Amino acid sequence: MAEKKQFPKGKMVPVPSHSIIPERDLGTSPILECSHLGIDFGGLTAVNEFNITVGRTEIAGLIGPNGAGKTTVFNLLTKVYQPTRGTILLDGLDTHGKTPAQINRMGIARTFQNIRLFSNLSVEDNVKIGLHNQEKYSMLSGILRLPKYWRQEKAAHERALELLSIFDMQDMADHQAGSLPYGAQRRLEIVRALATGPSLLLLDEPAAGMNPSETAELMENIVKIRDTFKIAIMLIEHDMSLVMGICEGICVLNFGQIIAKGTAEQIQSDPTVIEAYLGKQQ
Amino acid sequence: MSFLNNAITGISLGSIYAIIALGYTMVYGIAKMLNFAHGDVIMVGAYVCFLAMGNAGLPSVVGVLLAVAVCTVLGIVIERLAYKPLRAAPSLAVLITAIGVSYLLQNSAQILWGAATKTFRPIVEGSLVLVPGQLSISYVAILSVVCCIVVMVALSVFTGQTKMGKAMRACSEDKAAAQLMGIDVDATISMTFAIGSALAAIAGVLMCSAYPVLSPTTGSLPGIRAFTAAVFGGIGSVPGALLGGILLGVIETFAKAYISTDLSDAVVFAVLIIVLLVRPAGLLGKYVPEKV
Amino acid sequence: MKKINKNSLNGFVNYGIIIAAFIVLQILIGKGVLSNSLQSLLVPACCYIVMAVSLNLTVGILGELSLGHGGFMSLGAFSGIVASILLQDLIPMAPVRLAVSMVVGALAGALGGVIVGVPVLRLQGDYLAIVTLAFGQIIKNIIMVLYVGVDETGIHVAASSDRFVLAPGGTAIIKGPMGAVGVAKLASFTAGAILILITLLVVQNLVNSRSGRAIMALRDNRIAAESVGINVTKYKLMAFVTSAALAGAAGALFGLNYSSTVASKFDFNTSILVLVFVVLGGLGSIRGSIIAAALLYVLPELLRKFDIAEYRMLIYAIVLILVMLATNNDQLKSMLGRIIPKRKGAVSNG
Numbered sequence: 001m002a003e004k005k006q007f008p009k010g011k012m013v014p015v016p017s018h019s020i021i022p023e024r025d026l027g028t029s030p031i032l033e034c035s036h037l038g039i040d041f042g043g044l045t046a047v048n049e050f051n052i053t054v055g056r057t058e059i060a061g062l063i064g065p066n067g068a069g070k071t072t073v074f075n076l077l078t079k080v081y082q083p084t085r086g087t088i089l090l091d092g093l094d095t096h097g098k099t100p101a102q103i104n105r106m107g108i109a110r111t112f113q114n115i116r117l118f119s120n121l122s123v124e125d126n127v128k129i130g131l132h133n134q135e136k137y138s139m140l141s142g143i144l145r146l147p148k149y150w151r152q153e154k155a156a157h158e159r160a161l162e163l164l165s166i167f168d169m170q171d172m173a174d175h176q177a178g179s180l181p182y183g184a185q186r187r188l189e190i191v192r193a194l195a196t197g198p199s200l201l202l203l204d205e206p207a208a209g210m211n212p213s214e215t216a217e218l219m220e221n222i223v224k225i226r227d228t229f230k231i232a233i234m235l236i237e238h239d240m241s242l243v244m245g246i247c248e249g250i251c252v253l254n255f256g257q258i259i260a261k262g263t264a265e266q267i268q269s270d271p272t273v274i275e276a277y278l279g280k281q282q
Numbered sequence: 001m002s003f004l005n006n007a008i009t010g011i012s013l014g015s016i017y018a019i020i021a022l023g024y025t026m027v028y029g030i031a032k033m034l035n036f037a038h039g040d041v042i043m044v045g046a047y048v049c050f051l052a053m054g055n056a057g058l059p060s061v062v063g064v065l066l067a068v069a070v071c072t073v074l075g076i077v078i079e080r081l082a083y084k085p086l087r088a089a090p091s092l093a094v095l096i097t098a099i100g101v102s103y104l105l106q107n108s109a110q111i112l113w114g115a116a117t118k119t120f121r122p123i124v125e126g127s128l129v130l131v132p133g134q135l136s137i138s139y140v141a142i143l144s145v146v147c148c149i150v151v152m153v154a155l156s157v158f159t160g161q162t163k164m165g166k167a168m169r170a171c172s173e174d175k176a177a178a179q180l181m182g183i184d185v186d187a188t189i190s191m192t193f194a195i196g197s198a199l200a201a202i203a204g205v206l207m208c209s210a211y212p213v214l215s216p217t218t219g220s221l222p223g224i225r226a227f228t229a230a231v232f233g234g235i236g237s238v239p240g241a242l243l244g245g246i247l248l249g250v251i252e253t254f255a256k257a258y259i260s261t262d263l264s265d266a267v268v269f270a271v272l273i274i275v276l277l278v279r280p281a282g283l284l285g286k287y288v289p290e291k292v
Numbered sequence: 001m002k003k004i005n006k007n008s009l010n011g012f013v014n015y016g017i018i019i020a021a022f023i024v025l026q027i028l029i030g031k032g033v034l035s036n037s038l039q040s041l042l043v044p045a046c047c048y049i050v051m052a053v054s055l056n057l058t059v060g061i062l063g064e065l066s067l068g069h070g071g072f073m074s075l076g077a078f079s080g081i082v083a084s085i086l087l088q089d090l091i092p093m094a095p096v097r098l099a100v101s102m103v104v105g106a107l108a109g110a111l112g113g114v115i116v117g118v119p120v121l122r123l124q125g126d127y128l129a130i131v132t133l134a135f136g137q138i139i140k141n142i143i144m145v146l147y148v149g150v151d152e153t154g155i156h157v158a159a160s161s162d163r164f165v166l167a168p169g170g171t172a173i174i175k176g177p178m179g180a181v182g183v184a185k186l187a188s189f190t191a192g193a194i195l196i197l198i199t200l201l202v203v204q205n206l207v208n209s210r211s212g213r214a215i216m217a218l219r220d221n222r223i224a225a226e227s228v229g230i231n232v233t234k235y236k237l238m239a240f241v242t243s244a245a246l247a248g249a250a251g252a253l254f255g256l257n258y259s260s261t262v263a264s265k266f267d268f269n270t271s272i273l274v275l276v277f278v279v280l281g282g283l284g285s286i287r288g289s290i291i292a293a294a295l296l297y298v299l300p301e302l303l304r305k306f307d308i309a310e311y312r313m314l315i316y317a318i319v320l321i322l323v324m325l326a327t328n329n330d331q332l333k334s335m336l337g338r339i340i341p342k343r344k345g346a347v348s349n350g
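Chains as they are written, first to last, in the working numbering: chain A, 1 to 282; chain B, 1 to 292; chain C, 1 to 350.
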């Protein structure tokens with residue numbers, strides 16, 4: 001078990017400055033700032049001293065060996081787990097005490113490592129559920145089918161098809177989500193997350209189970225999404241070609257601690273990273 | 001004195017609930033199903049004992065053993081015929097089937113033995129007088145508590161020490177993994193139903209000895225109460241079933257004595273709701289959040 | 001890959017089925033083909049259809065097991081009866097009084113839904129089931145000791161017969177274990193058919209709206225639903241309370257169909273009966289619920305008339321078990337799958 005470190009309350013160590021924010025985001029405030037973020041499960045410290053800053057339109061990568069705590073970081077950011085310590089600022093706002101649903105409304109959307117679609121529903125309905133908080137009509141207007149219902153449902157339908165077209169999936173709109181092939185399910189999860197109108201998109205192993213050509217296409221699409229929606233994307237990925245290819249800032253996690261941060265070149269030549277992945281050189 | 005009397009009644013009733021709840025909990029633990037027919041197995045056990053002692057004139061010990069034997073077989077047969085084919089089915093399908101089995105047992109009993117209530121002759125009669133005219137404990141009550149303790153100890157030893165018991169625990173954790181380790185999952189599940197049903201038979205005889213009315217629906221309400229007891233203590237947990245059963249018996253008896261006979265059920269269930277709100281997995285149950 | 005068809009058409013088919021069945025049955029009644037005993041089944045059958053469709057909202061569409069639907073029916077029945085008697089002088093027109101009483105029943109059901117739902121909907125799976133079961137038992141128990149009456153000084157409510165004193169000329173409405181007595185039978189088949197249509201409108205339109213999608217999202221994957229910003233408690237409660245309100249309305253209609261009603265009519269077995277309708281009709285299938293409720297309510301009642309009356313429930317039990325075994329048998333399923341191409345949606349109105 002890792003040793004539990006104590007941090008005196010109210011005496012936060014200033015966050016070290018980061019060099020990994022891409023140049024174009026330097027003029028604006030960061031979308032995400034985590035400081036001293038950490039969580040313990042029982043006596044086990046799963047994540048500790050997680051400090052990171054993500055720029056407004058940055059594509060950031062979170063890598064590390066299995067069990068390093070990457071998904072736990074996503075779960076902390078989306079409040080699936082409440083952090084034991086530390087703060088998360090989203091666009092300058094503290095997310096302390098928020099529920100996962102509130103976090104989404106504040107602007108973080110995510111996908112899951114083990115795909116979590118609404119598998120009995122149609123592809124279109126999955127996306128429309130992502131649009132849930134942008135539709136505004138009440139339960140009663142829905143039951144009575146007031147004009148508001150028809151207007152907003154039509155808009156939602158169009159918007160859903162538009163979003164699906166990012167991955168060229170508009171023809172699948174009527175299919176049952178659970179019956180889609182694996183890769184399409186992963187893409188649908190991204191579309192659903194995008195539908196919520198996030199300012200930060202978290203992708204948990206988006207390329208898992210994809211072949212190299214699919215991965216290459218996904219890389220293009222991730223960049224395209226960032227460019228069209230002008231949002232920040234943070235991704236967990238084991239496929240190094242993807243991470244090194246599109247991530248502007250990379251953060252390496254091992255045993256719940258950040259062991260390195262920097263650009264692709266910096267990470268690739270960092271001895272601690274090599275050690276974490278390959279073991280100590282004899 | 002009336003307080004003591006009530007406490008004794010409560011604990012002995014609770015012991016019976018605990019024995020039924022143990023059956024519920026074990027079956028839930030391994031088959032992940034609410035076996036609504038469990039209460040009706042109690043009724044069958046009581047009928048078998050009643051007929052053996054009454055019509056055949058056999059001694060009560062034989063009657064009890066016969067009840068246990070019949071219910072054990074019944075439990076295994078029910079599992080094989082009705083539940084085993086549904087092992088991969090959604091839990092609601094299994095629940096409805098269990099309800100079907102419950103109806104089947106009740107209506108078969110009604111056709112075989114009639115709808116009229118029968119007066120059950122207690123397997124042991126008389127009571128131990130502690131303070132003449134004020135405080136006495138019926139031998140049935142003593143027997144119930146003793147049975148409950150014996151069953152608890154035996155089950156703890158069984159699940160903790162024996163090979164079959166360990167197989168049972170392994171199956172309730174993860175059936176697929178247990179199978180890979182060479183455990184015969186089907187046999188283990190059958191065994192669990194057999195034990196649960198045998199316990200139900202004992203509980204049936206004890207209950208009808210304490211409250212000597214017997215009809216085809218005798219088992220359903222105690223069944224629901226024992227199910228409540230199992231949930232109360234934390235379903236799937238053996239000590240939880242004991243704790244839940246005893247608490248339920250005591251609460252029910254005190255509610256009858258001090259609040260209102262008619263409202264005793266409402267009080268029991270209200271306490272259950274409150275307990276679940278404070279501890280969503282029951283008193284001794286473990287809450288396991290879904291992994292993301 | 002499976003395709004899901006648009007189900008608005010299916011929804012209209014359901015209205016059509018109800019209207020057609022209503023017209024056919026009315027003609028049969030007019031021609032005197034339908035015996036009195038059969039006619040007496042019509043209103044309760046309507047009530048059970050509404051019960052089944054509304055429970056399907058909780059079990060099939062929200063995906064939470066409820067074993068206490070009869071409790072909401074009970075609340076609706078007794079509050080509806082009380083309302084109908086209290087309003088006797090105020091609203092002389094029977095159909096209007098029936099409608100108002102059903103609204104009162106629905107409100108009582110909804111209130112019950114909120115009282116149960118707010119604290120317990122955070123429980124999951126079997127724990128929620130047991131709490132709903134407990135709630136049903138509590139309702140039954142309380143109504144069994146409840147005395148409600150009215151006299152010139154106003155409404156009297158008591159928890160025991162000795163404390164229940166009415167001025168001369170007062171009317172006792174609910175008399176504890178004896179239940180509600182002296183009820184004017186306001187219910188009619190027409191009202192039942194209208195209630196079914198309203199229920200279909202509410203449930204089908206809810207399912208096809210953003211709220212309905214949110215509810216189904218919770219069923220399919222709660223964690224993903226939260227991750228796209230869906231308020232779990234709000235939508236669980238919405239489904240649960242809507243379902244309870246409809247059950248309350250059905251209860252009011254049911255209560256006003258008999259001159260007396262006892263609380264034990266709405267016990268655990270009633271809840272289970274309705275659950276059986278829902279499961280046999282198919283989880284999430286509205287039309288399945290309608291058909292299953294109608295058939296399974298009427299058939300056993302018809303069997304009463306034959307010599308096999310004694311074996312009625314036994315047959316019912318065996319059929320129930322066999323149907324569950326058959327519908328969950330993989331070989332049979334794949335065989336049927338080859339014959340009937342399957343269109344499976346999470347919610348089909350079909």
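Derived from the structure by calculation, the hints contain no laboratory data. All figures in this text were calculated on a predicted structure; none of them were measured in a lab. You may find that some hints are simply not true.
Examples of chain A residues lying across from chain B (beta carbon under 10 angstroms, computed) [stated by the list, open to error]:
1. 57
2. 71
3. 80
4. 85
5. 150
6. 165
7. 167
8. 170
9. 182
10. 211
From the three backbone atoms N, C-alpha and C, an ideal C-beta is built for every residue, glycine too.
The hints, checked one at a time:
Because the beta carbon of residue 57(A) sits about 27 angstroms from the nearest beta carbon in chain B, more than 10 angstroms, this interface hint is broken. The interface hint given for residue 71(A) holds, since its Cβ lies 7 angstroms from the closest Cβ of chain B, which is under the 10 angstroms cut-off. For the restraint placing residue 80(A) at the interface with chain B, the shortest Cβ-Cβ distance is roughly 5 angstroms, inside the 10 angstroms limit, so the hint holds. For residue 85(A), the suggested interface contact is broken, since its CB lies about 20 angstroms from the closest CB of chain B, more than 10 angstroms.
The closest approach between the C-beta of residue 150(A) and any C-beta of chain B is roughly 35 angstroms, which is over the 10 angstroms cut-off, so the hint fails. At its closest, the beta carbon of residue 165(A) sits 29 angstroms from a beta carbon of chain B; the interface hint therefore is violated under the 10 angstroms criterion. A least Cβ separation of about 24 angstroms between residue 167(A) and chain B goes past the 10 angstroms threshold, and the interface hint is therefore violated. For residue 170(A), the interface hint is violated, the least distance from its beta-carbon to any beta-carbon of chain B being 30 angstroms, above 10 angstroms.
At a threshold of 10 angstroms, the smallest CB-CB gap from residue 182(A) to chain B is about 19 angstroms, leaving the interface hint violated. Given hint, residue 211(A) at the interface with chain B, is violated; its Cβ is 27 angstroms from that chain's nearest Cβ, farther than 10 angstroms.
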